[in-house]
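Chemist: If you want the building blocks of each chain, they are given just below.
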Amino acid sequence: MTAKPDWKQTDIIHVDQPELSMTERMYLPQIFGGMKTTLRHMFKKKLRDETVVQYPEQKRQLRKEIYRGVHRLNRDDQGRVACVACFMCETACPAHCIHIEGAESPWPDREKYPIKFDIDELRCIYCGMCEEACPVDAIELTPEYHLVGGSREEMIFDKEKLLNIFDRTKDEKPRKNPNITGY
Amino acid sequence: MPKIIVDGKEIECRDKIPVLQAVLEAGGDVPHYCYHPGLSIVASCRLCLMEMKMPNPKTKAMEWTPRLFPSCQTPVKDGLEVRFESDKVKDNQTHCMEYFLLNHPLDCPVCDQAGECYLQDYSLKFGESTSRMVEPKNKNPKKDIGSKTLLYADRCVMCSRCVRFCNEVAGTGELAIINRGSRAEIDVFPGVPLENKLQGNVVDICPVGCLLDKDFLMQQRVWFLKSADSVCAGCSAGCTITVDANEGKVWRLKPRYNPGVNDWWMCDEGRFGFKYVHDPRRLNRLTVRRGAELDYPDWSALPEIVTLRLESVVKKDGAGSVAVVLSPFMACEEAWMLASMVRCIAPQAALVCGPAPMVGEDEAFPKGGNGHPAKFMIRAEKCPNKRGIEMIIAGLGGPTLSFTDFLKQAGEKKIAAAWIVGGSPTEWVGDDLKKALGHIALVIAQDIFPSAVTDAATVIVPSCSWAERSGCFVNVDGKIQPFEAGINPIEGCQRDGNYLYAVFGGEGLYSAEKVRALMAKQMPAFGQLHVPPPVPEHAH
Ligand code: SF4
Ligand code: SF4
Ligand code: SF4
Ligand code: FES
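Going line by line, the protein sequences match chains E and C. If you're matching positions, the first sequence starts at 1 in the working numbering and goes up one per residue. If you're matching positions, the second sequence starts at 1001 in the working numbering and goes up one per residue.
Isolated chain C, as found in the complex:
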């Protein structure tokens, strides 16, 4: 590990990284716009410049060179000495900041980026409070550049991050810089709008409020949002995200850095796919069907209801006639508690992994990557936790059934009771399952939307969306990633973990860690979580 000297202090850093990254990782704050660790380096914003010691060509003595160097483009080298705390560097920062604000409309009060904008932050820290600009400002009209993105060109700092993202990660290259100098603008080519599946990311990496999300436009001020570390439930890639919520409502999802999984990115399908969380059609009442009557018991009665009913089935038809269909939308903890609890009542109960929706094929980015390793993958398997459910089923051992065998056995009337978990945001009940349902006497349905399963069920347990739950998902590569709840369950619902914990007979209140500790005793794999490393405080 090379050691470099920054402002007289020695720091140890990773090899082959730019000085800027090394300083950021050591906790320093160097202003930068164009540098992004996930993109190529262009050193165009000139905000990160530093002074560096080099040998004097005549005397060979190490001296501070007269010119400044971009710290984002200078790789670290053992013994390298640089400084940011000098008048020259500070002068450059103030003048750059003044330059960035020349044509900026200063419309922070109506700008969605305000509060997480690096023009605001850097102006405060490195800029001046006044501008010497007397000429009228360039006015660039607002542009509608894609189905999900708006461009407020007058707020742009020309860092070209968005252009590089479209070229290097999405591989679609829709964005370009047109014109030169102070008239330069980001734009799309005529008739070719920004339409790639990763376009939401350009909004994230834009350090200012130039690129904005149409979906989030003017919805909330960012300082009201509370973020919870979560994992996207859109596909099996398991992108780590934050769920940004306020007043019990999810407003947006943002990717969270996770090297080797989603890096800095996430796809639009996941990003905008949370709308079902607040769908008014969601189930929100614990329901028990008694003949034609519907009864709405209190949540506290649930453990007794399900145990009694399952026990009576076991007494009548034997322990082998019970099946649990675990959904790949469940967290591992929930699946484990449910399976263990049913196995307590019916030790021979069959565990079934529910159907995993598949849409198209895995999609790799950049598009046309010419055999280079993919920088981002969208998976065809549109559920977050199929691997986890398979791990739980294998770990618990005992009788298991594939979903097709479960349907076949149900058709042959071998299954008298089934606890079927859904949780999919889309219609998931196929015709074969609809047919099989008619042959099962006791169906306990746990789902978020009404479906054929809930129609056939004796006990309907409303489930929560992933944004309201906590636990862990196992992604397609077998990484076990924990996620937290972003909001409280909607009115009438309870967190799945909470009621399953009660049904399971756990002590005290549910917490995912507590259950994970119990699971780890049976399945040591769950003792080892994949938690991405923290991002340096001043990196963006």
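Just chain E, with the same shape it has in the complex:
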């Protein structure tokens, strides 16, 4: 497409880096400042116990209902994917990490459903905008946060994987508003 830029040459402002002072250039005061915090935590038992979690033996206490971990795609009461492929989450997502392909649904009571639903969990910033945008509460962030994968491809979660996360987490964090949306 022949791009029509929506900015003008005059919109460009040149900003120079501020000149560093002598002390700033030595970096030493900053380094000592950092060391001070570390040492304080090392030698005060109370502070240490409060802030250090011995992960993975110890897990952090999470507020499950609001914690923003990996996504799940909810199922309705018949076990079908609740998503109606409206693309609201894809539209709202600031990281552009959701990719959906919609199609006519095979069910008589539903118009549209996603045949493809991919989330790039590496690109996601876990902001929860998608959950906020969903008109049928089909996409939700779960309290699960140990996300590991051997490759980038593995971290692109597809529809199956996201539905599995729902099966795994539905007891821990039940679906909200199921009767409001009817899906």
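It should be emphasised that the hints constitute simulated quantities derived from the structure, not laboratory data. Every residue gets a Cβ at the ideal spot worked out from N, C-alpha and C, and that includes glycine. Treat the hints with caution; some may be incorrect.
So the derived label-pair ranges between C-beta atoms look like this [said to hold, decoys possible]:
1. Gly34/E <-> Phe1224/C: 40 to 50 Å
2. Ala133/E <-> Pro1141/C: 28 to 38 Å
3. Pro56/E <-> Asn1138/C: 56 to 66 Å
4. Asp1015/C <-> Ala103/E: 44 to 54 Å
5. Ala133/E <-> Asn1246/C: 16 to 26 Å
6. Gly150/E <-> Glu1507/C: 48 to 58 Å
7. Ala103/E <-> Pro1141/C: 15 to 25 Å
8. Ser1182/C <-> Arg152/E: 49 to 59 Å
9. Phe1224/C <-> Asp167/E: 28 to 38 Å
10. Asn1246/C <-> Leu147/E: 25 to 35 Å
11. Pro1450/C <-> Glu101/E: 28 to 38 Å
12. Glu101/E <-> Pro1105/C: 21 to 31 Å
13. Pro94/E <-> Phe1189/C: 45 to 55 Å
Got chain E; can you put chain C with the ligands on it based on the hints?
Modeler: Here is chain C with the ligands on its own, set in the frame of chain E:
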């Protein structure tokens, strides 16, 4: 030009148009559903009502009349005073909007029209956020009314635009309103589906998501699409369109208003005829045949390859033995650059206009128009730029050949080198050309699909479809219309303008305007483009 007063402001407008159109053209936003400038006026949606000043029958003083008038049905008259910014008018708008939504399923999340829907826009601007409807909604099942169109009757606002379109522009009248009142529905007659060649337009003019395109159904959300102003390459009518693309793929074409050419419409053949753009069989590698071997050089080597080869032919067989077959699918700029470049190497090179595919006869709409002037034409000449190529050939002067003479001369072995451009989405190489190819030593083929020409060619230059190029086409009436590229070329291809510009030896990067400016020095006609006037922002 009459002057009317709208909400206390004087506006000047064209004569013999409705007040609604005048206000829209002045930049105002008046909600309307049933009014469409290309159709008859029925004033049935009642959303555009306004207050008007009329003489009091008793005192003869000008006063605001108690009743409201449809602005779509009231013609402008010098000195007419109307207002939309009044409580009465606004009340009417809110109540109309509430009424339109009584039986509406509110299924925007799954509706393809969402994002370009005038129920959404007007609800936001003129409607209320709640509905007082407590009764269960009427449920009208989805109907399959034609090969390309679906009807979601529960989303309809009964504006009857689609019915009027089929009656007045297509002339086939398949659609009708059945039942009355809140049970009214759009439908086709039993056994007579919507099957005219303009049916895609009913989807465009439907202000809501009631009529939808099967081809585009659930493919994309419209706000992801980027539109480029283009010209349809389906026939020589030169309908102006937009190419709506996302993620490097064309998803749909929509007509763009162009009075006197296609007005608001386009035909289905053009609308759905873009599929070849993403055909996997397309050529996508610059190829040079060295004996039995195939070599795939880089695009940057192309200028040198073709110049050297053409020069050696000129040295051996003389400048008159070179011919350029310009295709009526090329943009004028591309044809001009190619012809000029070959003429630089071989000043006596013959310019040939390639074959223009003809299918049937020109078709005029409305069907059975009884001698009235046609509102829409589908041309039999299925290529966009035959006039343009003829203009270029005439403008450049020098030796020219008709396509038949070119074939004859080639058969007589008078042509040693030919740059043959194709670009047709359909098979275009006839038997006579196949035979002639055997007698040409150096064939440079520029085409989008493999064909007999590319099989015989020494250099195969993959070409782009019109959706990936920019330039101008000259339509059947001689209007020179510019078009922009909607997508980037597919993997491996380069925009024809880009490599031809490099071959031509132009400075910097290719832009159609730059080349047009050069052309205009030789052929002043190309300084004058036909660009349709903008559509008022709030018209639809
Ligand atoms: S959490 Fe934010 S970044 Fe991640 S998918 Fe949702 S909207 Fe996108
Ligand atoms: S917003 Fe919800 S319903 Fe819409 S596509 Fe995303 S997950 Fe599906
Ligand atoms: S289908 Fe669309 S164009 Fe036809 S009457 Fe209904 S809203 Fe109007
Ligand atoms: S009544 Fe005027 S636009 Fe419908």
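Chemist: Hint by hint, note whether the structure agrees.
Modeler: Hint-by-hint comparison with the structure:
Judged by the Cβ atoms, the range 40 to 50 Å given for glycine 34/E and phenylalanine 1224/C holds: they are separated by roughly 45 Å. With their beta carbons about 30 Å apart, alanine 133/E and proline 1141/C fall inside the hinted range of 28 to 38 Å. Checking the proposed 56 to 66 Å range against proline 56/E and asparagine 1138/C shows it holds: the Cβ atoms sit about 59 Å from each other. Distance hint check: the CB atoms of aspartate 1015/C and alanine 103/E are about 51 Å apart, consistent with the given range 44 to 54 Å.
A C-beta distance of roughly 19 Å is found between alanine 133/E and asparagine 1246/C, which places it inside the suggested range of 16 to 26 Å. Taking 48 to 58 Å as the suggested C-beta distance range, the pair glycine 150/E and glutamate 1507/C conforms, at roughly 51 Å. The hint said 15 to 25 Å for the Cβ distance between alanine 103/E and proline 1141/C, and at roughly 20 Å that hint holds. For the pair serine 1182/C and arginine 152/E, the beta carbons lie near 55 Å from each other, so the given range of 49 to 59 Å is met.
For the hinted restraint 28 to 38 Å between phenylalanine 1224/C and aspartate 167/E, the CB-CB distance of approximately 31 Å keeps it satisfied. At roughly 29 Å, the beta-carbon separation of asparagine 1246/C and leucine 147/E lies within the given 25 to 35 Å, and the hint holds. Checking the proposed 28 to 38 Å range against proline 1450/C and glutamate 101/E shows it holds: the Cβ atoms sit about 30 Å from each other. The hinted window of 21 to 31 Å between glutamate 101/E and proline 1105/C holds, with their beta carbons roughly 24 Å apart.
The supplied range of 45 to 55 Å is met by proline 94/E and phenylalanine 1189/C, whose beta-carbon atoms lie about 51 Å from each other.
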